[in-house]
Amino acid sequence: MSEATAIVALVFLALGLLCALLVLWRQPGAANSAAAIHHGPAAPRVFSSAAGHSRECPTETIEHIFGSQDLDFIRCKSSQRLRRAFERDRRQIALHWVWGVFDETQQIMSHHFRSVRSSPDLSISLEAKLVAEFLLHQSLCLALAAALRLAGPDNLARLAAAVGNVRRQVGAAVESFPGAVPEDLTKSSGLQSNS
Amino acid sequence: MAATMFNALRLSTVEEAYADLRHRTLSKIQGNFARLIYLASTRDYNSARYFHSGLADRFSPEIAAKALELAHREVFRELVSASLENLAHELELYMRSTRENPADFFRAWQAVEPFRVVVPVDTHPTSAALFISNVSFALEVLRSNLKLPQDH
Chain A
0 MSEATAIVAL VFLALGLLCA LLVLWRQPGA ANSAAAIHHG PAAPRVFSSA AGHSRECPTE
60 TIEHIFGSQD LDFIRCKSSQ RLRRAFERDR RQIALHWVWG VFDETQQIMS HHFRSVRSSP
120 DLSISLEAKL VAEFLLHQSL CLALAAALRL AGPDNLARLA AAVGNVRRQV GAAVESFPGA
180 VPEDLTKSSG LQSNS
Chain B
0 MAATMFNALR LSTVEEAYAD LRHRTLSKIQ GNFARLIYLA STRDYNSARY FHSGLADRFS
60 PEIAAKALEL AHREVFRELV SASLENLAHE LELYMRSTRE NPADFFRAWQ AVEPFRVVVP
120 VDTHPTSAAL FISNVSFALE VLRSNLKLPQ DH
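Sequences listed follow chains A and B, in order.
According to numbering that gives the first Met the number 0, the first sequence is numbered sequentially starting from 0.
According to numbering that gives the first Met the number 0, the second sequence is numbered sequentially starting from 0.
Everything labelled a hint here was simulated from the structure, so no lab data went into it.
Bear in mind the structure is a predicted one, so any value in this text is a computation, not a measurement.
Virtual Cβ for every residue (Gly too), placed ideally from N, Cα, C.
There are no misleading hints in this set.
Pulled from the structure, derived: some chain A residues nowhere near chain B, Cβ distances all over 10 Å:
# : residue
1 : D102
2 : A127
3 : N164
4 : S175
Where chain A lies over chain B, by a calculated footprint (3+ residues, C-beta under 8 Å):
# : stretch
5 : 74–83
6 : 136–144
If you anchor each label on the Cβ, the simulated ranges turn out as follows:
#  : chain 1 : residue 1 : chain 2 : residue 2 : range
7  : B       : Y44       : A       : A161      : 38 to 44 Å
8  : A       : L149      : B       : S82       : 24 to 30 Å
9  : A       : A161      : B       : A102      : 43 to 49 Å
10 : A       : L9        : B       : Y44       : 56 to 62 Å
11 : A       : F112      : B       : D56       : 51 to 57 Å
Kindly generate the complete structure, drawing on both the sequences and the hints.
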């Protein structure tokens, strides 16, 4: 085996390990909602009760989560304990959003592939472009999740916005296949919105 | 054609009812947090339907419900977008408007967490989680700034 092949193999191995680690990270050891400050660890109730939700998360909410304004305020006004709790809580909310869009986009693509498999109008170039955008989106989600785990959500607004932009590109590409994905499914992931 | 006209008429009526609600009722309530609590209180716990007798008399129960729902969503959206500092200010304004003893207020709000039931139906779970988290932290910041003892 040549040196170059070994390097490529190592890079793929490292990427595989990174993905495995991230998937393991998806299982939160303990939910760190704000309620935990007062009532001990408890899963955020709004998340568990909202399965199957069908609206796009507003852009302003995402900007707020990934902004640093609130953290600056907490740093000035409260104790170390509260600051740490706040950082944990924001990280949980941000991670929940990231994995949500990751799963939804995967679902859209699975449905799309099932639909176009037997289509006579299958365009290899369009499909390749769609797959490239999908892989870029999922990679950005993984990078964002890793950054969130390591550093927290503040100052990651640009990366979160990039995820949103690629989502819209994937959405536009999926929608260019007439009848490929039901309208309600693209809506559920927010792929068709240009907000 | 007739259906489109009817829908346009309905929409304008909802907008009129919404404007009426803002002018007659919401403008007299100080602060968005107090408005949110008020609007959530017009929603039935069991059916999630909104009701306001005055508005329903002037328009119709359906139009009034739509206007209340619209106002609820709008006020909630503004509060979710607000910075934690502004939210804490809104919360303090609301607390003072209740004329409740601050220690009792914080005890009740941190134990019962009534802010969980003021989220409009169909709010995105991430927005709802952000709101609930922010209110929890705003309460904690206010409480610590007022030098109130911790109960737990």
